[in-house]
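Chains as they are written, first to last, in the numbering used here: chain B, 1 to 641; chain R, 642 to 810.
For the record, the hints were derived by calculation from the structure and aren't laboratory data.
Heads up, the beta-carbon is just placed ideally off N, CA and C, and yes, glycines get one too.
Any given hint could be a false lead.
Unchecked claim - On the chain B side, residues computed to face chain R include the following (Cβ under 10 Å): (1) 198; (2) 199; (3) 212; (4) 223; (5) 232; (6) 236; (7) 251; (8) 252; (9) 255; (10) 259; (11) 262; (12) 383; (13) 384; (14) 386; (15) 412; (16) 414.
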Amino acid sequence: MQFPTACGGRPVAPPLPTLPGSQSIVNILLEHGVDTVFGYLGAAVLPLFDRFRDLSWTSSLDMISPSQEIIMSKNKVKNEQTCKPGSQIVVDILQEENVEVLFGYLGGVVLPLFDKLYDAPIKFIIPRHEQGGCHMADAYARATGKVGVVIATSGPGATNLVTGIANAMMDSVPMVAITGQVRTELIGNDSFQEADTTGITRPITKHNMIIKNPLELPQALREAFYIARTGRPGPVLIDLPVDMQLAQIPVSSPTPIELPGFRNRTRGHARQISMAAQAINEAERPVLYVGGGIIISNASEELRTFAQKANIPVTMTLLGLGAYDQNRPESLDMLGMHGTAYANYAVQNCDLLIAVGSRFDDRVTGKVKTFAPHAKIIHVDLDPSSISKNVAVDIPVVGDAKEVLAAMTEEVEHRPRDTWFKQIAEWKAKYPLRYDRDARTLKPQYVIEEVWRQTKGEATIVTGVGQHQMWTAQFYKFSRARQFITSGGLGTMGFGLPAAIGAQIARPGETVIDIDGDSSFNMTLTELSTAVQYNLPIKVCILNNGYMGMVRQWQELFYGKRYSCSSLQNPDFANLARAFGAVGYTVDKKEDAAGVIEKMLRETRPCVVDFHVDREENVWPMVPAGKALHEMDGLNLFEIA
Amino acid sequence: MKHIISALVQNKPGVLAHVAGMFAARAFNINSLAVGETEDPSLSRMTIVVVGDDRTVEQVRKQLAKIVTIVKVQDFAGQDVVARDLMLISVACSPEKRPEILALIEMFTAKVVDIGPKYVTVEVAGPESKIEAFIEACRPYGIKNMVRTGTIAMARQSRTAGQQDKDAE
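Next comes chain B alone, as it looks inside the complex (with noise of 0.2 Å):
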């Protein structure tokens, strides 16, 4: 074949045809004869979906409630003097370590634990599902401050945690996970209900181990809870097969942690501080910049003080929200893709950042080469791999940020800065946080304040994740901290029902809400009935627009609106929680709404509300991926003339 020759008579293939890799994808799947996708969308994998909604296929949900195959082991072991059986042992330990509440699930190979725990003074809470387990444990953590613990069987148990434990690991949230694991002498024989837990889970957790020598059993749980609440938190994972449950293992008491190179500067090398504090005394225009890290160390305290003494403005990520009270003239509430005008406008425009406790993560910066343009950088972490990680620092502090900010403190002066209050309090005036409230349809954010303005700012709240998630960060003031539970390294829909359960558990007595989205509710409710089980009276605002709102709104933005498999047809969530035991309310219109939250917070059972919301409101402003922080989208519709 003769193709057609270019300039020096060479011979010049045809250029191929292109198509986008979705379409390849797509043809591929074609190619092999593929009728039917179950899958579920993210913002990944949109151009894929986009990709899908011209074939007639279906798209499923995915909710797995596995009935867990309970086999009865015989555990026949005796007390002798100084032994103990493992099971036992790591009971004692639990206790020692002042454990109240465990999250999990049985299944064979924890029997022999199961069977200690009868007799021990540990409550127990079983989750319908695993993922429920981990991320109660997760929130308790969170809401408490103490590591979550959750038990899960070999196999299909372990696998089930995966996600929990990933949520937990990007939040920082201390926590145990205890799996069990099939005989030692079966492990690699692909025995029944195995899977080589340490192995799927290395890269989701702070540290993970196999017991394979029962002497090892005390010590390595006693580190796995140094672990996770030592440094900068996370989840520990201790895979305990069966054999190593029924060992007779000699008692120990507690022997100092002692591990090689495991070591975590908490004290501000007093230099940086210093020089950080001089940075912060010559500064004009200065922004705080602050995360869950303030909420891990418990810093709000001596974060108030030093932002009041130096005279500074304060923005929060997502996990800082709390951090800082936001009732107050200096908080600039929450900063980044969907953050406020004002925190966005004041990064991009101070001559001095200050991150604690903070990572600069892509939501919060969008494209990181026009990040804070005109700023120098203070970065206070206690992790030293976070800094300089996405974005270059110029006086790194690694320290904790109790710690330093107490140190700072000392050493920073008043100064007035007027006109950079000035200049922040217009952008207050010109952009606050706003939707259409003279709109006679039922508005998300109208819900949103509304449970606000009833519970005085006082609730402890928790999400899923998307629209709901956001607009709950926007619209509910925070006063302090833990009283936001929210995923939000991971994203992981679905956290909010179980982490309400954790929360509540918690704090019992106290008000716990989740405000939640249908498709994220979706996810996890089967945990509706661990909260009848328990009698627990959470609240549960489902802002049901019957889709997945955020993927919803990108796909109305990016995608020309073809919503591709994004609408859902859902349960009639009321009667699907009254079924469960619970109480369940729909609101359709916006004047019924007050009346009905007024019901719920009086409610002492779990108690549903589903909020037929308006379908296509979405989440302003918004930062589309890869823009600068100042480049919002939907900023007209907040200028007020």
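Using the hints provided, position chain R relative to the given structure of chain B.
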């Protein structure tokens, strides 16, 4: 730029998987990795050669240090170090080419460890540049097989010792 990173780790199962997994998860590239016990049987030494700009390598170092079972991490960049590779290489070697190849082996102070009718297997140790040079020298004869350990390295005790070592190369 190429960095030699030396990590002292606890000699426990799973540590290598943790290190390898961290490199893969964070999209860092490993050029070579060598592991072995140290004088203290509870500790192993990993020598990892990575290529990247200073910021990437700084992250590699920090992320390694964060792994609980890693005791100490050292980046040898800018330091005077002794760095060595070991290689076994089988080179095509017909009887008539033998003197030529043996002379080459002599020149590189390498060692014949196995010899057959068609091939000779040679052990070569030294700095990476020497190993590379030996491979290039063998290429025209035909390389059947080769295996390398990856770099191991140690900081030099003194400058004078370093000079002697360089002379030996």
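To see whether the hints hold, each was checked on the structure:
no.: 1; hint: 198; in the structure: 6 Å, holds
no.: 2; hint: 199; in the structure: 7 Å, holds
no.: 3; hint: 212; in the structure: 8 Å, holds
no.: 4; hint: 223; in the structure: 9 Å, holds
no.: 5; hint: 232; in the structure: 9 Å, holds
no.: 6; hint: 236; in the structure: 9 Å, holds
no.: 7; hint: 251; in the structure: 25 Å, violated
no.: 8; hint: 252; in the structure: 20 Å, violated
no.: 9; hint: 255; in the structure: 17 Å, violated
no.: 10; hint: 259; in the structure: 7 Å, holds
no.: 11; hint: 262; in the structure: 6 Å, holds
no.: 12; hint: 383; in the structure: 7 Å, holds
no.: 13; hint: 384; in the structure: 5 Å, holds
no.: 14; hint: 386; in the structure: 9 Å, holds
no.: 15; hint: 412; in the structure: 28 Å, violated
no.: 16; hint: 414; in the structure: 36 Å, violated
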